[in-house]
Structures are given as structure tokens and as C-alpha cells.
Amino acid sequence: DAGVIQSPRHEVTEMGQEVTLRCKPISGHDYLFWYRQTMMRGLELLIYFNNNVPIDDSGMPEDRFSAKMPNASFSTLKIQPSEPRDSAVYFCASSLFGSRDYTDTQYFGPGTRLTVL
Amino acid sequence: AQKITQTQPGMFVQEKEAVTLDCTYDTSDPSYGLFWYKQPSSGEMIFLIYQGSYDQQNATEGRYSLNFQKARKSANLVISASQLGDSAMYFCAMRASGTGFQKLVFGTGTRLLVSP
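Residue numbers (the working numbering), protein chains in the order written: chain A, 36 to 152; chain B, 138 to 253.
Okay, chain A solo, but in the shape it has when bound (with noise of 0.2 Å):
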């Protein structure tokens, strides 16, 4: 089975751009997270989905970064406008919740690498 998918693995922008990234999740997992991590802050989340509804955002860090789910296998993340201190990589995951094992484990995708300059 394929795991979780992201795009682009890596990105380089600009302070003031837009950078969208993307998530293809394991099918059949109803479950997606965000996180970010940094040497900072260690690993974060930032939202997870449940079917493909948001259920807690509150590690959004503020409006620039906004997050959907508009089907059940592809979701994006955006942060409009792009700063320095974003700057981490970002990682999606799913799980699936009573999954035959009852662990509702998350997988991770291989995540993408932002670098804003």
C-alpha cells in the first residue's frame, strides 16, 4: 500500500510568496495532521481533519497559514504571506480511527522542506 504522500519535498521561496503544500493521505484513513517542526520548537501540530473536516486548528500559528481538505484523499496547507521564520519542515500524517490493530497510529509522510528567504 502507498503511504502518505507530500508535495514538493522541498521548496524554496521568497518572503512575501505564497507556498502551498500538499498531502495525499493513505486511503481509507479518516483521519489527517499537520505538523511543523523546527530545532526551536521540536514537532507541531498545527490541525488535524476528520472526514475531511477540521476538528482543532488551535496550533495554527496565526492567519497566514490556512489549511483544507476538500476530499477525502488530498489536502493542502498554505501560508500567504511566506515569512523567514517559517522556515521548518512540514509533515502531514493520517490515521485511521479503530483501526484493526486499536492503535490509530499515525503515519507520516516523508515531508516537505520550506525554506523561505
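Just so you know, these hints were derived from the structure itself, not from any lab. For glycine and all other residues, C-beta sits at the position ideal for the given N, C-alpha and C. Where hints are given, some of them may not hold.
What the hints assert, rightly or not - To give an idea of the chain A side of the interface with chain B (calculated C-beta under 10 Å), a few residues:
#1 Phe68
#2 Tyr83
#3 Phe132
As the list claims (entries may be wrong) - Below, simulated DMTMM-like cross-link-like pairs (lysine to aspartate or glutamate); rule was C-alpha separation at most 25 Å, straight line:
#4 B/Lys210 <-> A/Asp139
#5 A/Lys59 <-> A/Glu46
#6 A/Lys59 <-> B/Glu181
Claimed, not checked - Now the stretches of chain A that chain B is said to cover, found in silico as 3 or more residues with beta-carbon under 8 Å:
#7 75-81
#8 121-130
Could you slot chain B onto chain A? The hints should help.
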């Protein structure tokens, strides 16, 4: 509030030896799950092992085992017969029912270096 503490920023071990990575957690919820993830230098987050709060036995997955001491609120990862490919960052994480059961809280990680 849920919290995960990993007190070892770095650990060194020789190939073929066993190593224990420490993890303590704090939660008042009776139902929770504990996870370990591996992050090699390539950056991906790889799920290793899971322990549920009601599980009677310690979890094992191949060379990975979890030393779960509920009264002490610790969930240490034991890697047996270390290999060079085990060199990576290791994160302990917890999911608890009190703050949205699906949310994971991560520790700061332990960097493991396996030497020949």
C-alpha cells in the same frame, strides 16, 4: 495537560549491544497510548512500536521492546542488538483521551549514535 519528557539528548552505543532510551509521561487520563518513532537523517518519521495504557504485557516488535512501567509513568524503548542503521533521532509520543484522543504530544527526542 499531557506531557512527554525525554531527558537524554544523545546516547551512544556500540554495534550489537542493547540500548535503552528513556521516556516519561504525564497525564491524568486513564486511557492513553504511547508511541515511539524513529527519524533517520533522511528526515522521515517511522513508526516503531505502540503501548496501550491497558495492555497487560510490554509491547515488542522485532528488536524493539517497550519497558512500560505504569506506576512510574515511564515507557522506555529498548533496542536489542544495535545496528549501524539504528543511528537516528527517536521520539516518544503520547495520545490521551483528555485533549482530543487523536492528538499526539511528542517529546524532544533522543539522538542515538551506533558505533562499529
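request  = Determine which of the earlier numbered hints do not hold for this structure and return their numbers in increasing order.
outcome  = none
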